[in-house]
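Undergrad: In the order they appear, the protein sequences are chains A and B.
Per the numbering used here, the very first residue in the first sequence carries number 1; after that it's consecutive.
Per the numbering used here, the very first residue in the second sequence carries number 1001; after that it's consecutive.
Misleading hints may appear alongside valid ones.
Okay, derived cross-link-like pairs now, BS3-like style, lysine-lysine, Cα gap no bigger than 30 Å in a straight line [to be verified]: (1) A/42 to B/1020; (2) B/1020 to B/1064; (3) B/1041 to A/57; (4) A/37 to B/1041; (5) A/42 to B/1055; (6) A/68 to A/22; (7) B/1066 to A/42; (8) B/1014 to B/1064; (9) A/37 to A/71; (10) A/42 to B/1041; (11) B/1020 to A/37; (12) B/1064 to A/42.
Which residues of chain B face chain A? A partial, calculated answer using Cβ under 7 Å [what the hints assert, rightly or not]: (13) 1032; (14) 1043; (15) 1044; (16) 1097; (17) 1102; (18) 1106; (19) 1108; (20) 1109.
No lab work stands behind these hints: they were computed from the structure.
Note that the structure is predicted; figures quoted are calculated from it, not measured.
Built from N, CA and C at the ideal position, the CB exists for glycine as well.
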Amino acid sequence: GENVEQHPSTLSVQEGDSAVIKCTYSDSASNYFPWYKQELGKRPQLIIDIRSNVGEKKDQRIAVTLNKTAKHFSLHITETQPEDSAVYFCAASLGGGQNFVFGPGTRLSVLP
Amino acid sequence: GAVVSQHPSWVICKSGTSVKIECRSLDFQATTMFWYRQFPKQSLMLMATSNEGSKATYEQGVEKDKFLINHASLTLSTLTVTSAHPEDSSFYICSASLAGQYEQYFGPGTRLTVT
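Just chain A, same shape as in the assembly (with noise of 0.2 Å):
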């Protein structure tokens, strides 16, 4: 089965500074890769994703990459703020269907 490996788990920036999580997959059939950002006792948001026919996605200050070959995919977020403080989830689709499987978490922690 799929299996999505995730770093780094804890990740501490100053505020402005960029931050990168990345996240890999086993699945070679795995096609939908979404990120998500949860606040503690909240519920899961998602912040972008991508397709497998997509190298790259931006919105704002969040970027995601994909590097199918390689079966790895990253979050970039630029000019850090406090608010971006909580833990985020990567996802890689089962196959070509609508299941997930999460990986563990990065907590990011912006410092001011």
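Starting from the known structure of chain A, fit chain B onto it as the hints suggest.
TA: Just chain B, lined up with the frame of chain A:
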């Protein structure tokens, strides 16, 4: 749009009792609903997938007789934790998606504490 609600937001029950959690899609018809469990400081683990009008598909290791899922309509799915034990204490989150779409819309979660 694409709002998913859950009820209750938190519940405390005694060991051996059953608890029902509701998941509703408020402004769209959800052909598929997903139930996840999240332990403290851990990731979301898929428990089961349900499609309206059919039996749920459970992930390996999830007891279908303990976690009863009903998806009776396109806007409502329920998860019943039967004979709950302290180890079932967790954050239960549902999500919903539209037919043919990958994106899942998450509910706010239900924190279950079994004493």
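Undergrad: Quick one, is the residue 1102 of chain B hint okay against chain A at 7 Å, beta carbons?
TA: Where the cut-off is 7 Å and the nearest Cβ of chain A is about 4 Å from residue 1102 of chain B, the hint holds.
Undergrad: Would the hint on residue 1108 of chain B be counted as holding, given a Cβ-Cβ threshold of 7 Å to chain A?
TA: OK, holds: residue 1108 of chain B within 7 Å of chain A, min 5 Å.
Undergrad: Is it true that the CA of residue 68 of chain A sits at most 30 Å from the CA of residue 22 of chain A?
TA: Cα-Cα ~13 Å, so holds.
Undergrad: So if I understand the rule, the pair passes when the alpha-carbon distance is 30 Å or less; does residue 1020 of chain B with residue 1064 of chain B pass?
TA: holds, 14 Å
Undergrad: Under the criterion of a CB-CB separation shorter than 7 Å, is residue 1097 of chain B in contact with chain A as hinted?
TA: holds, 6 Å
Undergrad: For the restraint on residue 1044 of chain B, tell me whether the closest CB of chain A is nearer than 7 Å.
TA: holds, 5 Å
Undergrad: Check the hint pairing residue 1014 of chain B with residue 1064 of chain B against an upper bound of 30 Å on the C-alpha distance.
TA: With Cα atoms ~21 Å apart, residue 1014 of chain B and residue 1064 of chain B stay inside 30 Å; holds.
Undergrad: Was the hint right that residue 1106 of chain B lines chain A, CB cutoff 7 Å?
TA: holds, 4 Å
Undergrad: Are the Cα positions of residue 37 of chain A and residue 1041 of chain B separated by 30 Å at most?
TA: holds, 14 Å
Undergrad: Has the given pair, residue 1041 of chain B with residue 57 of chain A, been kept, meaning a C-alpha gap of at most 30 Å?
TA: The hint holds at about 29 Å.
Undergrad: For residue 42 of chain A and residue 1041 of chain B, compute the direct alpha-carbon distance and say whether it is at most 30 Å.
TA: holds, 13 Å
Undergrad: Sort out whether residue 42 of chain A lies within 30 Å of residue 1064 of chain B, counting only the CA atoms.
TA: holds, 26 Å
Hint check: no violations occur; every hint is consistent with the structure.
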